[in-house]
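Engineer: Assemble the whole structure, with the sequences as input and the hints as a guide.
Chains as they are written, first to last, in the working numbering: chain A, 1 to 168; chain B, 1 to 506; chain C, 1 to 334.
Simulated from the structure, these hints should not be mistaken for lab results.
Here the structure is a predicted model, which is why all the values come from computation and not from measurement.
All residues carry an ideal CB built from backbone N, CA and C; glycine is no exception.
Do not rely on the hints blindly, as some may be mistaken.
Examples of chain A residues toward chain B, derived with CB under 10 angstroms [to be verified]:
#1 Met99
#2 Leu103
#3 Leu105
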Amino acid sequence: MRRLNPGETAFGYLMLAFSLFLLYQTYKIAGFSSIDSGGAYPMFAAALMVISSVAVVIRNRRSPKVEAAGPAGEWRRFRREVAPPYPLIGYVGIIVLYMLLVLPLGFNVSSFLFLFGSFWYLYRKGIWLALGLSIGSVVSIYIVFRLVFRVILPEADWLDLSLIGLGG
Amino acid sequence: MEQSLSYFIMAWTDPYLIFLTAAGTFAGIYVGVIPGLSVTMAVSILISFTFTWDVNEALAVMAGVFLGGVYGGSRTAIMINIPGAPAAIAAGFDGYPLAKLGLAGMAIGVSTTVSFFGALFGIAILAAAAPIVSEFALMFAPRDYLLLAILGIILIGALSGESLAKGIFCGVLGVLIGTVGLDPISAQPRLTFGSMALMGGIHYVAAMIGFFGISEVLVQTLDLKKKIIKQKVDKILPSWSVILKHLPLSLRCSAIGTIIGALPGAGGDIAALMAYGHAVRSVKKPTRPFGEGAVEGLVAPEAACSSAVGGAYIPMMTLGIPGDAVTAVLIGALYIHGLKPGPMLMIETPHLFWFTVGNLVMASVFLLIFGLTGIRAFAKMVEMPPALLMPIIVILSVVGTYSIQNSLTDVYWMLAFGIFGYFLKTYGFQIGPIILGVILGPIMDISFRRAIITVRGDLGDFFLDLLVNPISLVLTAATVGLLIGQTPVWKRYAAGRRAKKEAAAG
Amino acid sequence: MHIKHFIGAVAALSMTVAAGAGMAADFPAKDLQGVIMWGAGGATDVVARAVTPLAEAALGKSIVLTNKTGGTGAIATTYVRSRPSDGYTMLYGAENPQMYKVLGLAEIDYDNYYAVNVLARGVAVVVVNADSPWKTFKDLVADVQKRPGQVKMGTTGVGGLPHTVGSMLKTVIKFDVTAVPFDGEGPGITALLGNHIEFIPVGIGAAAEHVKSGRVRALSVVNGESVPSMPGVPPIVADFPDFGKYLPWGPFYGVFVNRDTPDAAKTALTAAFKKAADDPKFAEMMQGRGNVMMNISGAEADTFLTKWRSVSSWILQDAGVTKESPEKFGIPKP
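Structural biologist: Written out as structure tokens, the structure is:
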């Protein structure tokens with residue numbers, strides 16, 4: 001058996017809680033009314049999920065532990081190996097920020113900012129290269145998706161490009 | 001017969017039709033490559049685009065896009081573990097490990113050759129036995145779809161990685177993701193938490209892109225400076241001996257693919273997963289263990305999903321019933337062009353059938369040509385620094401997810417699945433079973449309930465039907481056999497017997 | 001850059017800010033978006049993709065079509081309602097929104113929309129497999145009444161056409177069947193061909209070719225009179241005159257914009273779609289699929305939509321599948 005990764009024990013319990021929550025939610029759909037009701041099948045699935053997460057928790061308890069000094073040590077290792085601030089947490093932050101900006105700024109502007117930011121943050125080869133690459137990518141995505149495949153990407157209402165002949 | 005032949009070669013003698021098929025196939029490959037650009041979407045757009053065209057021209061370009069798109073999805077699955085289309089999910093199970101070994105060029109070469117072979121197989125069945133196969137497909141009752149889905153879901157056992165419990169956990173997680181939204185039977189909301197946006201459910205491609213794409217991006221982001229694997233691109237064309245070695249498996253998987261493609265309501269994605277399962281169970285000595293770069297694990301799904309194209313045309317041409325989502329759109333296109341798809345189509349417009357067959361054959365040839373010529377450039381893509389590749393994948397995942405049904409909610413789910421998927425991967429859970437659950441879960445749900453309703457809730461009748469009907473009996477036997485084969489007791493027994501045999505032989 | 005050009009662009013931009021009346025005068029000034037409430041390849045999708053190129057020609061701008069599925073179209077209906085009422089976002093819809101209120105799927109229906117054009121309505125037909133012993137609709141009904149709950153009818157889920165026709169029959173005669181739901185009319189017909197169900201009421205479009213090939217037999221059209229696309233098939237009122245009170249009834253396909261859209265935009269769109277629906281090629285395709293062309297808009301369409309809603313809402317109410325009573329929304333009995 002492999003040694004547990006930092007945070008694995010906690011994750012196991014979290015998944016058990018999550019599956020119990022889903023079991024309750026699926027029970028609420030139709031209760032135990034009949035075998036072909038809309039709720040019976042999801043409830044069966046959720047029950048199976050509870051059983052398998054119990055098995056995961058038991059297995060975790062039997063596995064060799066991380067040789068760390070209590071929860072504090074494990075937390076330190078979690079921060080170092082599983083979710084380090086740079087680059088992982090920072091990058092997830094950038095992605096989340098990007099998603100939040102898609103609606104107010106529109107797809108093109110927010111994507112440009114996201115690409116520019118991440119090239120600069122991850123690649124670290126100078127600002128001009130990042131600028132050029134991100135403009136190039138946004139333009140090609142716009143051509144493929146908006147112009148060829150006619151996907152209406154979210155656009156900011158205040159930035160109506162269509163009237164000056166760019167979008168539409 | 002002579003007349004059929006003249007219709008068959010119609011596509012081959014008109015330079016403009018040849019050009020359209022080639023252009024369609026080429027475009028299709030790239031539609032397949034980009035996650036979120038789906039063949040269904042491309043063909044829908046082509047309907048308006050080709051509105052004023054002649055019907056043959058429209059069909060030629062659509063056939064090319066269809067075949068090319070189904071094939072193209074495996075590219076990115078092999079290169080960066082992100083399937084470009086649902087049909088390519090299974091291709092990544094062993095394709096991506098091959099790329100990690102520096103064999104991406106070889107993997108794409110094999111995938112292209114096998115896809116060409118599978119496509120031809122499916123088309124041959126379409127040409128030779130379409131009426132028989134479509135009658136066979138009609139015989140599948142709801143309970144048989146249930147059994148098929150169960151046969152597919154058993155594959156979780158082979159995809160679980162370090163622990164079966166984790167595999168089952170992921171499988172049912174996928175099943176539950178698939179139940180979100182309005183229940184198709186009772187129209188009552190399930191797991192929507194009162195949200196309007198969740199009523200339409202979570203599209204399975206959003207789950208696919210999140211769990212594969214974003215979680216892979218996060219894994220790679222952790223290790224930006226890792227050594228990039230040099231890809232060998234000198235030997236791309238597989239040798240005859242390799243092709244011959246895998247011929248029996250390709251044949252079996254093409255047969256699976258054609259049948260599943262011909263079943264209304266099941267397409268290339270399910271065909272590929274079933275074929276992968278078949279390979280895992282039937283190939284005793286793979287080139288490498290399955291999941292670590294077995295060539296067989298790539299051959300099987302690729303043969304199946306390409307042959308499913310020909311299969312999907314079978315009920316469409318003979319009965320006007322779609323074999324999958326793309327043929328559903330094609331049927332719409334036929335209507336718009338003034339044709340009447342249905343059982344009379346082959347009688348009233350016989351040329352259409354042979355024209356389509358000839359056209360599909362030509363598209364397969366173009367698939368081989370374009371597939372084999374573009375490999376070098378593609379293999380170089382993996383050698384791009386991850387710091388440049390990853391943000392581009394994020395953008396493509398966002399725009400791709402959004403374009404499935406123009407929904408930002410899907411995009412948020414995609415991101416959530418990606419982050420969740422990262423932790424699952426870190427803690428030894430596998431992504432494959434989740435996707436298996438998302439794809440097969442809804443079929444199991446609705447087929448089970450349909451089957452129960454059909455026997456008016458009488459479980460006795462339900463089990464009796466499983467044994468009386470020939471198709472159901474075969475599927476039941478296969479399911480029960482596989483389930484027993486997966487139990488630890490049987491595995492130990494089989495291992496013991498094998499050891500004894502080997503001891504006796506050696 | 002030419003100064004003149006630049007000023008033009010600025011003027012155009014400031015006009016967007018001003019929006020409203022000024023813009024509608026030369027409607028449409030940019031490309032439009034059409035949101036289809038059903039998926040690619042479905043009946044609504046086919047109708048939308050067939051009529052759009054013709055309307056585009058009349059409007060002189062393109063209409064970008066997108067499928068936005070889910071909640072039997074409730075997602076698309078709610079989405080278009082939430083867009084600016086400028087006429088640039090249209091809903092390509094079927095009959096479903098008229099049942100959202102009673103089914104508890106959404107707070108809105110076509111009352112919140114202006115009907116640019118209700119293009120056509122479909123007619124339902126009751127079909128059985130050719131092997132079936134039932135030769136007439138009376139045979140089928142007699143057998144259903146002899147073996148209550150035993151005969152298997154295909155449906156497409158609650159509120160779908162087969163389910164509603166079945167519910168209508170229940171109010172007229174004793175009609176107790178087992179309803180087996182499928183994903184749509186196509187899969188329902190497929191199940192009928194495979195003998196997994198015994199009969200199904202479907203739109204003529206889904207059944208016509210199968211009837212013509214002789215594998216499926218049409219017993220009765222759910223209409224006041226026979227229809228040309230189903231020659232020799234008696235209307236349901238011939239057997240059960242009481243059914244007449246629900247007719248004409250059937251699925252319909254239309255193009256809608258928010259009701260508070262400026263009149264200039266409504267007029268331009270109505271004219272364009274009227275012209276498109278008049279196109280013989282489109283009409284031929286629609287009739288070939290067993291539809292009755294309607295090509296109505298505005299008040300005329302409202303009358304049709306309102307009657308349709310009261311018939312269907314009360315049928316669902318009587319069948320006991322509603323979440324809310326039609327009374328709550330002031331929907332009168334038909």
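Engineer: All the hints need checking, so say for each whether the structure fits it.
Structural biologist: Cross-check of the supplied hints:
About 6 angstroms separates the beta-carbon of Met99 of chain A from the nearest beta-carbon of chain B, less than 10 angstroms, and the hint is met. This hint holds: Leu103 of chain A has a C-beta 7 angstroms from the nearest C-beta of chain B, less than the 10 angstroms allowed. Interface restraint check: Leu105 of chain A against chain B, minimum CB-CB distance 13 angstroms, threshold 10 angstroms, status violated.
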